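Enquirer: What follows is each chain in one-letter form.
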Amino acid sequence: MTTAPKQRPKHYDLNLAHLPPPGLVSIFHRISGALLFVPVIPALLYLMQSTLGSEAGWLQWKRVLADPAVKVVLLGFVWLYAHHFFAGIRYLLLDVHVGIAKEPARASAKLVFALGAAATLAIGWRLW
Amino acid sequence: MAYAKNPIGAHHGLNAWLLQRLTAVVMAGYTVFLLVLLLWCPPASHADWKALFSGDFVRPLTMLFFLALLYHAWVGVRDIVMDYVKPTGLRLALQTMVGAALVFYLVWSVSILWGR
Chain A
1 MTTAPKQRPK
11 HYDLNLAHLP
21 PPGLVSIFHR
31 ISGALLFVPV
41 IPALLYLMQS
51 TLGSEAGWLQ
61 WKRVLADPAV
71 KVVLLGFVWL
81 YAHHFFAGIR
91 YLLLDVHVGI
101 AKEPARASAK
111 LVFALGAAAT
121 LAIGWRLW
Chain B
1 MAYAKNPIGA
11 HHGLNAWLLQ
21 RLTAVVMAGY
31 TVFLLVLLLW
41 CPPASHADWK
51 ALFSGDFVRP
61 LTMLFFLALL
71 YHAWVGVRDI
81 VMDYVKPTGL
91 RLALQTMVGA
101 ALVFYLVWSV
111 SILWGR
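Chains A and B supply the protein sequences, listed in that same order. Under my numbering, the final residue of the first sequence carries the number 128; numbering is consecutive throughout. Under my numbering, the final residue of the second sequence carries the number 116; numbering is consecutive throughout.
For the record, the hints were derived by calculation from the structure and aren't laboratory data. Any given hint might turn out to be false.
[What the hints assert, rightly or not] No farther apart than 25 Å at their CA atoms in a straight line, the calculated lysine-lysine pairs in the DSS-like style are these:
id	chain 1	residue 1	chain 2	residue 2
1	B	Lys-50	A	Lys-6
2	A	Lys-10	B	Lys-86
3	A	Lys-71	B	Lys-50
4	A	Lys-62	B	Lys-50
[As the list claims (entries may be wrong)] Not the full set, but computed from the structure, chain A residues with beta-carbon under 10 Å of chain B:
id	residue
5	Ile-41
6	Ala-56
7	Leu-59
Predicted model, so just to flag it, every value in this text is computed and none were measured. Heads up, the beta-carbon is just placed ideally off N, CA and C, and yes, glycines get one too.
Working from the sequences, and respecting the hints, build out all of it.
Expert: Set out below in structure tokens:
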């Protein structure tokens, strides 16, 4: 017979506003990754299939993508990808111990958010 | 750089952790490559767009990107499932669904790139 493990106190602080920048980068890396799996990948595969499949599909999507509401959704996808991309590069650098100390790690976390927003704005500017 | 575990060797192989990073590098490279290509010569017509992805260079690179993406997504989504879903049966069911979805994406991407 084994004895049940002692109940330890649990404290979940789910308020994202209480996280320091590296923690925010981390949770958004996870959330963006999950959303890229579903719905972004299937949506982009569907878009590729329609636009590559036929001239009619290409022209139809050209019309659909002219709609500002669709552009906003697409830009949302772009931000998810951009954040995941820049946060991922930050993790690759941390893996090889570049910027591993507290201060540079905080600075690079802020940089990840800045670059993600900048990339989204740049692509938004191209789309409009 | 001191790793607790040797990343290469008979007992480790290319483990999930390392492959997740290698696939990330592959995808990052492809992302920059495709963005530059699209900005350099934006496809103006369906014919341009089709020619872009049926190129001898871009088509296999795009396939490599999808392979990297799907393996990377497998490791990542599995990590999320393992963190939040503890009951064995439910975890197994979810992982099976994720795996099935990724195999579906794979077949779909092959048919998009090589079909018709």
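Enquirer: All hints, please: hold or fail.
Expert: Status of the hints after comparison with the structure:
1. For the hint pairing Lys-50 (chain B) with Lys-6 (chain A), the CA-to-CA distance comes to about 62 Å; that exceeds 25 Å, so the pair is violated.
2. Under the criterion of a C-alpha separation no larger than 25 Å, the hint pairing Lys-10 (chain A) with Lys-86 (chain B) is consistent with the structure, at around 17 Å.
3. At most 25 Å may separate the alpha-carbon atoms for a hinted pair to count; Lys-71 (chain A) and Lys-50 (chain B) meet this at roughly 22 Å.
4. Of the pairs offered as hints, the one joining Lys-62 (chain A) and Lys-50 (chain B) holds, with about 15 Å between alpha carbons and a cut-off of 25 Å not exceeded.
5. For the restraint placing Ile-41 (chain A) at the interface with chain B, the shortest Cβ-Cβ distance is roughly 6 Å, inside the 10 Å limit, so the hint holds.
6. The closest approach between the C-beta of Ala-56 (chain A) and any C-beta of chain B is roughly 9 Å, which is under the 10 Å cut-off, so the hint is satisfied.
7. Checking Leu-59 (chain A) against chain B by beta carbon gives a least distance of about 7 Å; that is within 10 Å, so the hint holds.
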